[in-house]
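S.K.: Read off the chains here:
2 protein chains.
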Amino acid sequence: MPEVVVRRLAVYLRILREADLSDNRFVSSAELGEWAGVTPAQVRKDLAMFGEFGKQGVGYQGRNLRDELARILNTDETVAVAIIGMGELGAALARYIQRRHAGNREYPFRAVALFDVDPAKVGVSVEGVAIDHLDALPERVREQKVKLAVVSVPAAAAQAVTDRAVAAGVRAILDFAPVKLRVPPHVRVHYADVSLELHQLAFYL
Amino acid sequence: MPEVVVRRLAVYLRILREADLSDNRFVSSAELGEWAGVTPAQVRKDLAMFGEFGKQGVGYQGRNLRDELARILNTDETVAVAIIGMGELGAALARYIQRRHAGNREYPFRAVALFDVDPAKVGVSVEGVAIDHLDALPERVREQKVKLAVVSVPAAAAQAVTDRAVAAGVRAILDFAPVKLRVPPHVRVHYADVSLELHQLAFYL
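If you read the sequences in order, they're chains U and W.
Going by the numbering used here, the final residue of the first sequence carries number 1428, and the count climbs one at a time with no gaps.
Going by the numbering used here, the final residue of the second sequence carries number 1428, and the count climbs one at a time with no gaps.
Just so you know, the hints here were simulated from the structure itself, not pulled from any lab data.
Honestly, I wouldn't trust all of these hints.
Each pair may be met inside one copy or between any two copies, as identical chains are not told apart.
Claimed, not checked - List time: in silico DSSO-like cross-link candidates among lysine-lysine, alpha-carbon distance up to 27 Å:
| no. | residue 1 | residue 2 |
| --- | --- | --- |
| 1 | K1268 | K1403 |
| 2 | K1278 | K1268 |
| 3 | K1278 | K1403 |
| 4 | K1344 | K1370 |
| 5 | K1278 | K1344 |
Could you build all of it, start to finish, from the sequences and the hints given here?
M.R.: Structure follows, in structure tokens:
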């Protein structure tokens, strides 16, 4: 499936997860398109790839569509996430993910393992999860079956922790460090560097 | 300048800001390229767009190049940032930006204005900055000359706060809400939705 389609499906799912879908509510491709910033035709085309769950003139049954999209995007069950690097950003992400998960069962991500090398941080609990030393990563990742990791360490350490995470079975990485990571072909990396985005935006001021 | 070039320049600048550039250190296009994940030829081509500040066989004088890139990307002086929406993510971003700025003069962003509509949050101080009510946004944005805003409100509120920010003079927005924003042509929007990235990555598991 093309990356842009995956992205749009994720947007539709995020929208449906925030929408009020009570009372057997139907959602039209026009509504979804307006929120997602795409045409109704694009919405229908994207969703038609997975079968016909819309009805002409009525739209999509909201909860069905949400559950279908969750299944397609592998988030119909809770997804265990490891966060590697518990500096300002890592700690903020851990709190964000945990509280979202605690507050809403629909939110599928849960930070189950947190890592750092700083002895002052190891053992400290963040939203109920104790920070482990990085050396415990292989064992913890294997026992918790973590496939998705957030890398929020300084640039100089990013490749080394990535190598360890990949060796332990991680298959998708959200990288907040300002470096391009080298990974084997079966591992997917997305980049989400807040400071980098701010730097790019500043150019346009 | 093409968007991809702006992005690469921002990556080079981030790398140089984290690197040890003491002792009049030179940085080669090979070094920069390795960190940034591009070829040395690409690095040289990107930087040659702004004049010849490299020397054949020696590379770039690190501090000069960093300062030149900062000037090109409008981050040679502190950039005032407003954060609209002080939920979990907004608060985390405020702390992250303030602490980075406090800890390192090289970090150019500073959160000077924080907004929310929740009476329980208004007046609360986050890293030394008091949260204002959203109604104060036009006045605060104008008096602080804020051009860059982070939108971290729920999806349903994102367009309305964006309209108010744009009317007050904001020209660049980093949007963490899962909706596409409609803005006039002179306003630039980048999207940085952590949960959306996690959803996309989960697809590849």
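S.K.: All the hints need checking, so say for each whether the structure fits it.
M.R.: Taking the hints in turn, this is what the structure says about them:
no., hint, in the structure
1, K1268 <-> K1403, "between (33 Å within a copy, 19 Å between copies)"
2, K1278 <-> K1268, "within (13 Å within a copy, 53 Å between copies)"
3, K1278 <-> K1403, "between (44 Å within a copy, 25 Å between copies)"
4, K1344 <-> K1370, "within (24 Å within a copy, 36 Å between copies)"
5, K1278 <-> K1344, "neither (54 Å within a copy, 44 Å between copies)"
Figure legend: structure checked against the earlier numbered hints; the only hint not met is number 5.
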